[in-house]
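Here the protein sequences come in this chain order: A and B. Quick note, the numbering used here runs 1401 ahead of the 1-based positions in the first sequence. Quick note, the numbering used here runs 1401 ahead of the 1-based positions in the second sequence.
Possibly wrong hints are sitting among the right ones.
Copies of the same chain look alike in the list, so a pair counts if it works inside one copy or between any two.
No more than 20 Å apart at the CA atoms, straight line, and that leaves these computed lysine to any residue pairs for SDA-like [claimed, not checked]: (1) 1604 x 1420; (2) 1596 x 1535; (3) 1531 x 1516; (4) 1596 x 1533; (5) 1703 x 1457; (6) 1531 x 1592; (7) 1433 x 1521; (8) 1596 x 1447; (9) 1688 x 1459; (10) 1703 x 1634; (11) 1461 x 1677; (12) 1604 x 1446; (13) 1531 x 1589; (14) 1461 x 1592; (15) 1596 x 1637; (16) 1433 x 1533; (17) 1531 x 1595; (18) 1688 x 1438; (19) 1531 x 1677; (20) 1596 x 1446; (21) 1703 x 1685; (22) 1703 x 1417; (23) 1703 x 1428.
Derived by calculation from the structure, the hints in this document are not laboratory data.
Number of protein chains: 2
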Amino acid sequence: MSNPSSTSSGSSGSTSFDLPRFLADQRNIINKSLAGIIEREFDDSRLCRAMSYSLMAPGKRLRPILCLAAAETVECSDIRSDIGFPPFHDAMVTAACAIEMVHTYSLIHDDLPAMDNDELRRGQPTCHVKFDEATAILAGDALLTLAFETLSSQRVLAAVVQPDILLQIIGILSRAAGYKGMIEGQVQDMIAEGKTLDLESLKRMHSLKTGALISASITIGALLGGATPDQIRHLDTYARHIGLAFQVADDILNVEGDPDKMGKSVRTDRDRNKSTFPGIIGLEPSKRFADELINNALQAIKVFGTKADALSALASYVISRKR
Amino acid sequence: MSNPSSTSSGSSGSTSFDLPRFLADQRNIINKSLAGIIEREFDDSRLCRAMSYSLMAPGKRLRPILCLAAAETVECSDIRSDIGFPPFHDAMVTAACAIEMVHTYSLIHDDLPAMDNDELRRGQPTCHVKFDEATAILAGDALLTLAFETLSSQRVLAAVVQPDILLQIIGILSRAAGYKGMIEGQVQDMIAEGKTLDLESLKRMHSLKTGALISASITIGALLGGATPDQIRHLDTYARHIGLAFQVADDILNVEGDPDKMGKSVRTDRDRNKSTFPGIIGLEPSKRFADELINNALQAIKVFGTKADALSALASYVISRKR
């Protein structure tokens, strides 16, 4: 278990944790690393431009930030897994970027005309609107593939992470993104359109569609940080609760949100006759449900003390975004 | 270098190699392994049915067969890489199946209305015709993801293949399938539609679209078989030549072929105004070009003696399919 008195985030306790600054710093780190990959490896082809367009659109970077925060939470004293050790930090950020590639691919494909047919994402035209449908399908495919290329082949990772851990990480990411995870969630979401789901089915759909990748991000960070199985169990409980809270909050935002601030269309759920938490249990009970989920998430990481300051702050952020 | 007198295929020399029987046996092995994965892991969801539909459609299984044949060609005496050693053979077949998953995903996506808009593949309706467009996109995504899950997580692989070799294999497959390989080839193919490419551009496009995954299949097999860098270089020369020959033969078949035997639409290249080898250099010169490529491929693997019987026979098969 980690020592609660030594937080590497520099915070002096959860009450004084500067979340806006933390988010800005972490986003900056992720964006710089993604830009570096693009700068070093992409060319000026239409495909690379489409990949870069979607990858560098102003996203929250929630999943890679959660990955880094989970690593920090379990950080052990082994120098090779000390996130302050620059080569190790670079490796972790690179792995976090691979997660963002998978997330971005899923957004590009979900937005396609044959799927959700969305025209606005991260405050700008969706990939198939900006380019064309074929390019968007292929840019998504390419980002998904690039995530696995990154995890398997980037020297910065191989330099400090053991091959068996990298294989485990690839396994976790592929399962979370795959046919029993995120993709099945998207299928269930489409099948549910126009139907009224019960609460349990809605939870199950979201635990696949959004929850699986959020959980994977946290487990991957934990593994990179050298977590014990016990620590991973606590973090997984945290992850499952914030994953669901994230989606409840998203549904609430879709009812109450401001499209200018959200960077995507709102009130689309009602238009599409989608089942939502406010639709099933009501708006105020949905807010209470989100709060309850966050409390459970916080409970699960109490054991880490102030080392979990970042994760604690992120839990609140998940439901307070633009609400 | 391998001992030419001990072929594990049981053939007594390239002149007597029974290719039809070899192909049938190898296809059977691949199909049984794919069916096993489906049986053990898929459920009855629409997504799994779509994945299974495309994966189990009667394909040539050329890429996994090349993978297995490459391993056999370089087979060294180390028991752990002896393809006759059952756990090792199972591992190799599993890796070969991952390659077929990537190939199948690429077919599903290439056939989509936004891409080539094909309605017939492997003798049956394409995935988006049989199911729907959204399901086809997601089934492709899921098969691509499953390939990496398979390579990273199947116990049968971890039992006999070192983690660093598995990471190398994931790297090779992701690069071949990715934005500098197969996907870029598909982009170039679409951009070229309606334009007249010169011979070099046509070769470059095909080396990406078809050649990259064929080369990767052979390199992956070679790595699993314990190949030396020298052996890999010879096999790579072979791979690049048969990869291009395969596409030249495909173009010839598209002019001369019988749709009933091919299981896909023919004469579509001319209808779509696609650049083809017969279109650029003529039909007979294309046939001579294909023969020349195969001769070069055979030359590159002479060094392996009769251990390369299967690869030699496969080289001829690549251009003689239904011609």
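Exercise. Tell me, please, which holds for residue 1688 and residue 1459 at an alpha-carbon limit of 20 Å: within, between, both or neither?
Key: neither (27 Å within a copy, 52 Å between copies)
Quiz prompt | Up to 20 Å CA-CA - residue 1447 versus residue 1596, copy category | solution = between (39 Å within a copy, 17 Å between copies)
Quiz prompt | Alpha-carbon proximity between residue 1461 and residue 1677, which holds within one copy, between copies, both or neither at 20 Å | solution = neither (22 Å within a copy, 46 Å between copies)
Quiz prompt | Intra- versus inter-copy proximity for residue 1457 and residue 1703 (alpha-carbon distance at most 20 Å) | solution = Neither: 34 Å inside a copy, 49 Å across copies.
Quiz item: Given identical chains, is residue 1596 near residue 1637, meaning Cα to Cα at most 20 Å, within a copy, between copies, both, or neither?
Solution: Classified as neither; 31 Å inside a copy, 53 Å across copies.
Practice problem: Could you figure out if residue 1531 and residue 1677 sit no more than 20 Å apart (CA to CA) within one copy, between two copies, both or neither? | Solution: Intra 29 Å, inter 30 Å, cutoff 20 Å: neither.
Quiz item: Given identical chains, is residue 1596 near residue 1535, meaning Cα to Cα at most 20 Å, within a copy, between copies, both, or neither?
Solution: between (30 Å within a copy, 18 Å between copies)
Self-check item: residue 1604 and residue 1420: within-copy, between-copy, both or neither at 20 Å Cα
Solution: neither (28 Å within a copy, 53 Å between copies)
Quiz item: Taking 20 Å as the upper bound on the Cα-Cα distance, should residue 1531 and residue 1589 be classified as within, between, both, or neither?
Solution: between (28 Å within a copy, 19 Å between copies)
Quiz prompt | Within, between, both or neither: residue 1703, residue 1685 at alpha-carbon 20 Å | solution = The answer is neither: 27 Å in one copy and 75 Å across copies each exceed 20 Å.
Exercise. Measure nothing new, just compare the shortest in-copy and cross-copy C-alpha distances for residue 1596 and residue 1533 to 20 Å and report within, between, both or neither.
Key: between (31 Å within a copy, 19 Å between copies)
Practice problem: Up to 20 Å between alpha-carbons, please classify residue 1703 paired with residue 1417: within, between, both or neither. | Solution: Within. Shortest intra-copy distance 16 Å satisfies the 20 Å Cα cut-off; inter-copy 71 Å does not.
Of the numbered hints listed earlier, those contradicted by the structure are 1, 5, 7, 9, 11, 14, 15, 16, 17, 18, 19, 21, 23.
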